[in-house]
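*Asks:* Spelled out from the first residue to the last, the chains are:
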Amino acid sequence: MTKFMWFQLISIFFVLAVLVLICVFEDRLVTNSLENVADYVYQIETAIEENDGIRNSKVENLVDNLEYDWFNDESNLCFLVNHKSIQEIGIEIIKLKTYIEEDDIREFSISLELIKLYSEQYFHFMGASFHNIL
Amino acid sequence: MLTIIVRAIIIYLIVLFLYRLMGKRQLGEMQPFELVLTLIIADLATIPMAEISVPVLHGVVPLLTLVLVHFILTVLCKVSTKFSRFVSGKPVIVVNPEGVDYKAIKNLNLSIDDIMEAIRGAGYFKLEQVQYAIMETNGKMSVYPKSEFSPVTNGDMNIKAEKSCLPINLISEGKIIKENLKIANLNENYIMKLLNKANIKKVKDCLILTIDKGGTVFVQAFEGKYQTFKVEPLGQVQE
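Read top to bottom, the protein sequences are chains W and D.
Note that the numbering used here has the first sequence beginning at 1, numbered continuously upward.
Note that the numbering used here has the second sequence beginning at 1, numbered continuously upward.
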């Protein structure tokens with residue numbers, strides 16, 4: 001084996017490792033962040049039922065936590081996809097906070113449903129699937 | 001703008017690394033799959049470079065993947081001749097002693113004009129001068145002339161010629177190349193002697209100095225005409 005062949009071999013293994021790392025990072029990030037959103041939505045829905053309304057500290061805290069976690073995840077997701085493609089969840093979270101202030105449970109519920117829908121849609125176009133490959 | 005500058009640097013460095021990885025063959029004789037790869041790489045590299053909305057990874061990941069696939073294809077081509085022929089095709093004889101093989105040139109989607117052009121490129125202007133013309137897998141035409149039209153060599157004339165040897169570059173743009181000095185088994189004092197012989201006082205005044213195994217020296221100062229002279233052949237130099 002010549003020096004160049006060693007360089008090629010090591011580089012190819014390095015490239016392979018980088019690709020595997022990127023795929024694992026993408027898969028974990030997409031799955032975790034979207035599952036996290038869905039989990040928060042479920043917790044908020046339960047909190048609304050338990051407290052009979054949206055103007056209470058539990059719902060407010062959950063929405064704050066959802067906002068904090070989502071914006072953290074969103075900045076990481078921007079390494080993988082165009083920011084514009086995943087901005088709807090962020091917009092809906094901001095709307096949730098406004099609806100809490102206005103105590104508008106109807107619009108709040110619509111936004112929650114939209115967040116659920118968007119998280120499912122994002123998973124469809126970011127997750128690894130046969131449909132996406134083709 | 002800073003984003004675009006940084007992105008351009010990142011992509012440039014990655015593409016440079018990838019081309020280095022693929023070897024120098026990329027720059028000259030490209031096989032069909034190498035040509036495809038080169039075209040795709042050029043296109044892929046420009047998208048994330050100029051388009052801020054596209055993440056750099058969208059350019060980098062396909063680039064790395066393509067190089068990986070290319071490496072696997074290259075290894076498979078080396079291992080299996082059949083696979084190599086499938087990917088790159090095989091050389092085709094388009095002119096044989098009986099003349100132009102029309103069927104072969106039709107299969108290659110070539111015309112007589114293309115054949116004539118390639119033959120002229122090889123230095124032959126008449127078809128009757130050509131014994132064989134072979135279309136290589138990289139798209140180049142190799143021409144084997146009939147014996148009466150092939151160039152005369154020293155061997156044909158029974159002339160004993162000096163063995164040609166590659167010159168070693170000892171000074172380049174005013175700097176001694178120490179690596180080559182070691183190869184030639186010479187030292188700096190000997191170089192100074194050569195420079196004095198050429199009326200050059202300092203190393204930094206010398207543009208180029210080469211010496212071959214037979215002892216032929218080529219030297220040129222930054223200003224002035226070059227000089228050549230003979231010294232003792234390398235290996236017989238008395239320090």
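Hints may be right or wrong, so weigh each one.
[Said to hold, decoys possible] With a straight-line cut-off of 27 Å between C-alpha atoms, the simulated DSS-like cross-links for lysine-lysine are:
#, chain 1, residue 1, chain 2, residue 2
1, D, K197, W, K3
2, D, K106, D, K178
3, W, K3, D, K178
4, D, K182, W, K3
5, D, K140, D, K106
[As the list claims (entries may be wrong)] Footprint (simulated), chain D over chain W, 3 or more residues, beta carbon under 8 Å:
#, stretch
6, 5–19
7, 82–89
8, 96–102
Please keep in mind that the hints were generated in silico from the structure rather than gathered at the bench.
No residue lacks a Cβ here, since even glycine has one placed at the ideal position from N, Cα and C.
*Asks:* Are the hints correct? Go through all of them and say.
*Replies:* Structure-based check of each hint:
| no. | hint | verdict |
| --- | --- | --- |
| 1 | D:K197 <-> W:K3 | 40 Å, violated |
| 2 | D:K106 <-> D:K178 | 56 Å, violated |
| 3 | W:K3 <-> D:K178 | 22 Å, holds |
| 4 | D:K182 <-> W:K3 | 21 Å, holds |
| 5 | D:K140 <-> D:K106 | 17 Å, holds |
| 6 | 5–19 | holds (count 8) |
| 7 | 82–89 | holds (count 3) |
| 8 | 96–102 | violated (count 0) |
The structure fails hints 1, 2, 8 (numbered hints given earlier, in ascending order).
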